[in-house]
Structures are given as C-alpha cells and as structure tokens.
Amino acid sequence: MSYQVNGHTIEHDEEGYITTLSDWSEELANVIAETENIDMTDEHWAVVNFLRDYYDEYQIAPAVRVLIKAIKKEMGPEKGNNKYMYELFPYGPAKQACKIAGLPKPTGCV
Amino acid sequence: MSETKKFLYVNRKAPYGTIYALESLEVVLIGAAFDQDVTLAFLDDGVFQLTKGQDTGGIGVKNFSPTFRALGDYEVTKLYVEQESLEERGLAAEDLQAVTYEDEDDDWAEKPSIHIVSRAEMADIMADQDVVLSF
Amino acid sequence: MSTLHIVNKSPFGHGSLLSCINHCKSGDAVLLIEDGVYGALSGSVVEHAVTTCAPSVSIYVLEGDAQARGLAPEKLIGTVKPVGYDGFVDLVAESDRTQSWL
Chain A
1 MSYQVNGHTI
11 EHDEEGYITT
21 LSDWSEELAN
31 VIAETENIDM
41 TDEHWAVVNF
51 LRDYYDEYQI
61 APAVRVLIKA
71 IKKEMGPEKG
81 NNKYMYELFP
91 YGPAKQACKI
101 AGLPKPTGCV
Chain B
1 MSETKKFLYV
11 NRKAPYGTIY
21 ALESLEVVLI
31 GAAFDQDVTL
41 AFLDDGVFQL
51 TKGQDTGGIG
61 VKNFSPTFRA
71 LGDYEVTKLY
81 VEQESLEERG
91 LAAEDLQAVT
101 YEDEDDDWAE
111 KPSIHIVSRA
121 EMADIMADQD
131 VVLSF
Chain C
1 MSTLHIVNKS
11 PFGHGSLLSC
21 INHCKSGDAV
31 LLIEDGVYGA
41 LSGSVVEHAV
51 TTCAPSVSIY
61 VLEGDAQARG
71 LAPEKLIGTV
81 KPVGYDGFVD
91 LVAESDRTQS
101 WL
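Chains as they are written, first to last, in this note's numbering: chain A, 1 to 110; chain B, 1 to 135; chain C, 1 to 102.
Don't read these hints as lab results, they were simulated from the structure.
Don't take each hint at face value.
With a cut-off of at most 30 Å between alpha-carbon atoms, the simulated DSSO-like pairs for lysine-lysine come out as follows [as the list claims (entries may be wrong)]:
#1 A:K83 to A:K72
#2 A:K105 to B:K52
#3 B:K78 to A:K105
#4 C:K81 to C:K25
#5 B:K78 to A:K72
#6 A:K69 to B:K6
#7 B:K78 to C:K9
One chain only, chain A, in its complex shape (with noise of 0.2 Å):
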C-alpha cells in the first residue's frame, strides 16, 4: 500500500499512516489530505505544522485533548475546541490530521 507523490512510491500501512516517518513532504500530505477528501487550507496546515512541531519536540503525536489545550492556549479559544477541530477533520484530529502530518497514530487513540 502506498502513496504517489511526484514519482515517488511512499509506503503507508493498512490505515494509511506512513511508514518511514522521513518520507513526508507538503506534497505527500496534500496527497493524504486528499484520500481523506480534505481540501487542505491555511486552518488545516496550521493544526498539522502544530502537529508536526510537538512530535518533533516531544516524539509522541499529542491525545486529542491535549492537541485542542495546547492550539487554545496558542490560537485562542475559537480554534481551540472540539467543534472547530472536528469541522477542519471530520473524522477526527487524531485519525486524520497526524495522518496527513506523516505521524504514527496518538498513543492511547482509539
């Protein structure tokens, strides 16, 4: 199972979460984003660079409330809630943008 990014073959696994961690590009995740039918705007790319900032700090993908605490405390609390979260992904910030973001799946996700 893989994506196609500009020629490239990049592996995922069976939920499509990319497998080498370094394979990821601004290409690749407008690739995910599009498996996942999200047109990817400057919102979005702000909670995944955030994403991808705390993984590279902290080598973990935050639980989902912590994601939303830490976007409120920088954002503001008209981003930082459940509502405006899951109208940017849908299908949750977990499944979908530390997919796109090229994370593994948050420990403890369910």
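Assemble chains B and C onto chain A, guided by the hints.
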C-alpha cells in the same frame, strides 16, 4: 467515574535494555485520559530514564526521553526520583533533564515536575497509594 | 494501611529484594515467588537483610516455588513463613495494595 484514586507508576529499569521503561511511559500517557491522581516514582536503575543527553541514533530505537517533557500537558506533574538511587550510580540532580509543567491554577507559571526524595520519603509515597503499577 | 510486596527475582542477580526491603514500612508483608524464593535460603549473603526485617515486616515464601527449586523447609531462614496459593490469596486480600518488584 465517581472517585479519584491515587495511582503510582514505579520505574526501576534503565531505558533501552528492556521494554519496561517505554511501556510504562505509554501506559502513563494512555492512563492520563482517566481522571486519576498520578505519581511517577524513579528508583534503582529507573533513574537512568531521566538522564540528560540520551541519543539513540546509533542503536536504531526511538529516544523517548523527550516524551517525559510532554507529561505536563497530560496533567502528570509529579515525578519523584530517589536520591540514594542517584548517588549509588554516581549521579546527581543536575544529571537529569528538566521536566516542567505549567500550573493552570497559578497563571500558567512554569514549575518543576521532578522532585528528588530520600529513600524514606519514597517509602512513604509508596505507602500512600491506592494502586501501584510496577515496571 | 499495609502493602504486600511481591518479589520474583533471585536476590543474587537482581537488587529487587534488597530494594524492596529498603522500602518496606512497618506492618508490610513480603512474598517471595518464582526465583524470588532463593531469597529465603539460609546462610546466604541476603539472610541478614531478610532476618532483620522481622518482626515489623513479615516475609513469606510460596511453597510450590520453593519445593520446585529443591529448597527444603529446613534450608529456609527461620523467620520466613511458607504459604500455599491459598495463603497468597489471603495476603492479597488482607493488604491495602500490592506492589511487584520486577
């Protein structure tokens, strides 16, 4: 869930030789979703989990020491490290990485999560729990 | 408020038993199981640590594990009390918490 219980995670193993340390951290992160009063204890070789300067590039496994610094986001803010265990290994508090949390009830002031305690204090902490999980 | 401590490693290859004893509070119990039963052997380097626990801390050894390893009752430290699986269950039930020393 009606009642908050006191959970202690006891860490007595060094980080990479066995899977215990990483498993413990993952259980802590998963368990943090439940509203419990969580404390982490580090004694014996477990104190090696918190040392500075870990770099697993040469052994092909994930360096999970940065993940301890995320625990504050999960409202896990009590990490007790045993003084005697540090001393037996030639270590001191300054050999450990800084782990802090932002205190929501104190204008998000940054506070240390790691506390060095004596063996006797560690025994008291253990005796004060509802549930003890050993790794 | 007492704790049942469970040790399953030989004291000759691991620090678990001594670390456990060093963290016991008065009224606690220690149960030696699996390779932990070697800690009940009289004449060993840990015998002193085990005997000086008593009487504030009771040390038990799981009979089946001791017998399996050829530790006859007369080879055990006098203050160590043998228990069967039923005694194990009683110890767990009587304690406020259990703590394993892996």
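Against the structure, the hints come out as follows:
1. Taking the CA atoms of A:K83 and A:K72, the gap is near 12 Å; set against the 30 Å cutoff, the hint holds.
2. Taking the CA atoms of A:K105 and B:K52, the gap is about 27 Å. The hint holds against a cut of 30 Å.
3. For a cut-off of 30 Å, the pair hint linking B:K78 to A:K105 stands: about 26 Å separates their Cα positions.
4. About 18 Å separates the Cα atoms of C:K81 and C:K25, which keeps this hinted pair within 30 Å; it holds.
5. Only pairs whose Cα atoms come within 30 Å are accepted, and B:K78 paired with A:K72 is accepted, the gap being roughly 24 Å.
6. A distance of roughly 24 Å separates the Cα atoms of A:K69 and B:K6; the hinted pair therefore holds under the 30 Å criterion.
7. Distance check on the hinted pair: B:K78 and C:K9 sit about 28 Å apart at the alpha-carbon level, within 30 Å; holds.
In this structure, every one of the numbered hints holds.
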